[in-house]
Amino acid sequence: MTKPAISIRDLTKIWEVEGRPAVRAIDGLDIEIARGEFVVLLGPSGCGKSSLLYMIAGLEQPTSGVIACEGEPVKGPSAERGLIFQEASLFPWLTILDNVAFGLAIQSVLPERRREIATDILRKVGLGDMLDKKPDELSGGMRQRAACARALAMKPKVLMMDEPFAALDVQTRSRMQDFLLQIWRDSQASIILVTHSIDEAIALADRVIVFTARPGRVKQVVPIDLPRPRPTRDPRYHAYRDLFSDLLADEVDRAFAEQQVA
Amino acid sequence: MTALDVETKAPLTATNRTPSPRAPFLSKTWRRRLAGVGWAVVSISLFAGLWEFLWYIEAVNPLLLPPPHIFLQDIPGTLKFFDRTNRVGSVSSGGGVFALLTTVAWTTMRVVTGLAIGFVLGLAVGALLHYSRWARNLLLPTILLLAPISPVAWLPVAIFVFGIGDVPAIFLVFITVFFAIVLSTGSQIASVPVNYLHVAKIMGASERQTFWRVILPSILPALFMTLRLNLFGAWMVVLIAEAVGVGTGLGQIVSMARATFNAKLVFFTMAIIGILGFLSDWALRQIQRRMLWWVAPNQGGL
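Sequences listed follow chains A and B, in order. For what it's worth, our numbering labels the leading residue of the first sequence as 1, then goes sequentially. For what it's worth, our numbering labels the leading residue of the second sequence as 263, then goes sequentially.
Nothing false has been slipped in among the hints.
In silico DMTMM-like links for lysine to aspartate or glutamate, alpha-carbon gap of 25 Å or less:
no.: 1; chain 1: B; residue 1: Lys463; chain 2: A; residue 2: Glu163
no.: 2; chain 1: B; residue 1: Lys290; chain 2: A; residue 2: Glu137
no.: 3; chain 1: B; residue 1: Lys463; chain 2: A; residue 2: Glu16
no.: 4; chain 1: B; residue 1: Lys526; chain 2: B; residue 2: Glu314
no.: 5; chain 1: A; residue 1: Lys75; chain 2: B; residue 2: Glu469
no.: 6; chain 1: B; residue 1: Lys463; chain 2: A; residue 2: Glu80
Read the hints as simulated data drawn from the structure, not as lab findings.
Bound-form chain B, shown alone (with noise of 0.2 Å):
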């Protein structure tokens, strides 16, 4: 912690204080970075340090409430729960950081599959609301009376209908942003700018290609978003699912933790999906930037 600390601050304050009339020492981009990581770093430690604080007054117990510097303390021993608990960890001999990573992909591989099945068919059926008329008196209804319903409410018919497995964490992930998607679609092909529309009409574009080259791109940063602000949801879904009806992930290792009154391993667990978390979001910030690039870096919270 305090070695990283020094590391970022060090060159911040160096090109304060050394101002060249030509172009600094660092970027503009790159000392905003930077001065970001210092802040999270400073942010992180006084939570971390009010924690170890009241460990150290006593306050807090450390077998129900280990603060840092006791659950990563002993990694390795840690690491051991990964194992057994694990389909894939039975590998790896005795655990450790593959185990680890193992359990992480398999987590992650449930959201990211997910994800991309609810906001593509979620874009296809919202797109086929607005288009057809029998589709939307059809669905409409029914979308709109099982949308507001938990995607935890859905658990049991998952795992009825698919039995325990991969297929229910990744059904849970698809249902967290399948109607939101479905929702966003609608309204947003609704307000795309009209004068979009009259342009590609003058020009002569069929309606295929008006949805394919108007249309699309100009929901997309909105959908994006919308994906962006269910990618939390999905992480808490995926991690219900494995604790109930899949048997192994992230989810399955704080279920049995939290069974065999092991504090440590949740809380080291918990770091890991904060972590995780915080990565897939870093992810699918840098995949709009890429993907979207005309979306201002500003606009639409980026």
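Chain A with its partners taken away, still in its complex shape (with noise of 0.2 Å):
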């Protein structure tokens, strides 16, 4: 039997601060993430997905609990575990070749292949004609693609990715989540997506992990059960739009209620 790309057990996040409360982000969670898999995790804010996925990319140190990587468990960060940001973060000093071939630069790759992987992975991404553009040419989509091939270029085993469509008009992410499913069929990596958005997580994921309010618990583990493009007239679509705005709403009140209590 392979081993899943992510397993997730018993992790619990704590959040320590000088003169105040300490704050349980994440309790005892228990996840396991198959190889080739989209996984969205969907919650409402300050439910501690980010946190996991800075746990995953091995950023931040759980307080307690194991997180492996193909059955090795994950000690720092890696380039096999990508991380892809709300905000492109490009680097503005670098042309968008330069950019994604930077992970390969400190990796001592040599200068002409590191061109020729880069430029390869930005035709693919649609980015051909900007290979010697500087980042602020580029619009929010385009960047945000510069940097999920920068994230590719490493040929990473998980893509983490935070609300990375969040700051885009709603053409654009339409448009950024058919290149995601894309990108995502190629590279064969595992894709774990963090969004609060509920179409979003059904547009896109094979599972989807529905969070509680902090502290962060699975609440429930959906599969989507329609095949791709996702038929948004379809009454399954509905159903599940409907699940998933009932099992947010509870939280976002539990939430709310707990804020009004502090």
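These two chains come separately, so use the hints to put the complex back together.
Written out as structure tokens, the structure reads:
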């Protein structure tokens, strides 16, 4: 049996800031993500979804519990677990090509080869004409595609995305979702995407993991059993939509009530 | 003045009057540049005109405040004064343009050297303070104590330690930028977007690679801005240092002109200093544009 791309066992994260009560962000989380699976984490803001991504990426340490990538415990950041942020975070002093080749340069890939790989990936994401542009000269959607290309250049096993399309307008957003499904099929990486948009979750996911409000726990795991592209007029689509709305409304109410008490 | 006026304005009106359907006679950037030059001429002409007017109605004494047409009248005569006082001037016979240029060159050299050393050392010390807790604990209190002291107050120290010569002037310029760059480096490193650092970490960059490839390019534009803001300060202190602790250079000329009550020479040298300050700021802007090409032209007051 192949090992899962990511397996998370009994994960807890407690934020301790001096002079404030400790915050239990994530509590006893168990998740398994198969190779090549597209998982969406859906939940109210502040439920620890982003913290979870940062811990899988190795940028933050869990308070307790274990995260493993293909059976190997996660000890620190690695290019095999790529992370894409809400802002593209491209380096403004590098051209698009050099941005995409950045990781390869760090790993001492020869310049010729670097250029080859980066050009190839940029063509695939539809930025073949933008190689020598500055990040400033690209639109938000193009920048986000370049950020994907930068992560993909490292041939990651897992690609994590922290609300990657939240800063984009609606039209660009739906285009980017199509684009993402396409690179997901090509790259065969697992994708873990954090969002609080129900439509985005249904449009993309094999499985949606709905989170509870703080502390973050798995409220429900919902496989989306619809062909892609997802038929938005199908009654089943609306059933999913209603289900997620109800699940989230509970949590938002609870989070709101807690804030009132605190 | 007037000749230049006509030259710069004529093409402007010409392009305005003949709007061709194809590309205009001058590109947009060139028209903007010409407009800039035009306004500069108008501004300076107004200032000089007011001065001349005050002289004309005898509101100012031409011995104390000679208007431009008087202090620019006898340039060869004025240039003679650049001979005796300048160390290098003695090579050329009887002053003149060459003597003026060597004087200017020496002063400029002191400014540039001081700025360069201050920038590089300031950056190095600032980075050291950021990375080493030991260095921060040991050095930061002293640096915070010394930073607010006016560079001019360092002048006696510079002369005691380095004697009369180039070094005290360079040292003063160095002091003017050094502390500003040290403190700016620290705060800029702290404000590098955290996602840049995350990207570097995920890609497997070492601390050293992260500094050279991510942190340094990310803070350079702000540091360069700090350098530019302190450029005028550098020009001020170099003149003071030259007047007191060097014995050559433009500062020395001004000081001598004051001592000998030569108002023409004072204003002539002031004009030279003004032009030099402007040119050096322009030069820094050009360097900024070439080296820091990713900073948008309107960001950071370019």
